[in-house]
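**Student:** Listed here are the chains, written in short residue letters.
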Amino acid sequence: DQQVKQNSPSLSVQEGRISILNCDYTNSMFDYFLWYKKYPAEGPTFLISISSIKDKNEDGRFTVFLNKSAKHLSLHIVPSQPGDSAVYFCAASAPRGSTLGRLYFGRGTQLTVWP
Amino acid sequence: SQTIHQWPATLVQPVGSPLSLECTVEGTSNPNLYWYRQAAGRGLQLLFYSIGIGQISSEVPQNLSASRPQDRQFILSSKKLLLSDSGFYLCACQNGYGYTFGSGTRLTVV
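Protein chains in written order, with the numbering used here: chain A, 6 to 120; chain B, 5 to 114.
Since the hints were made in silico from the structure, they are not lab data.
If a hint is listed, it holds; no wrong ones were tucked in.
Chain B stretches covered by chain A per the calculated footprint, using a threshold of three residues with CB under 8 angstroms from any CB of chain A:
hint, stretch
1, 46–55
2, 90–98
3, 101–114
Some residues of chain B that are not near chain A, with every Cβ distance over 12 angstroms (derived):
hint, residue
4, S24
5, E26
6, T28
7, G58
8, Q74
9, L86
10, L87
Note that CB positions come from ideal geometry on N, CA and C, so glycine has one too.
Bound-form chain A, shown alone (with noise of 0.2 angstroms):
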């Protein structure tokens, strides 16, 4: 049963264009949301987070907003750059007691971004 959703397995974009990357979630319980970066044959990094009391976080490029009511949230990236081209993994968590914090991934989206 997947708690968190990626639709889309792919997305090209241009460079200097925007990218949003999008995550629905079925779990009401999830409080807290990340979103991870993953180059091929190399573990996932950290990109950016977001508590359920905000609907918004801004980190230089990186944006993710939450919008609770709808059970999504979405990643903009803009400018967007070459570099920025990897696989992104959408991940949620509820409360500690609930679930000892273990996190709940998506399948990931595969950007591309063209020069």
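Model the placement of chain B on the given structure of chain A, informed by the hints.
**Tutor:** This is chain B only, laid out in the frame that chain A set:
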């Protein structure tokens, strides 16, 4: 900050051979540890997690097993590898609200 050491980086093993992948963690104590697998074209599948020495939980029935002999050591094993065990194996350590991942092991079973 946490550092995760995972080895080997790549491994080619014949079907039916044993497997042992090791993960060690620095910079923290009593961490929650995880083994994930990413098969070709697929997402991250949680295989095992551990909240302490000797405490292992399995997420999916499979040909693999895990052990945690020391606080900061997590081992993934198999007695006899199958072709379907091929994939990219990742060790992760809980870090606040997220994870720190190791660099991964690419396992190819031939």
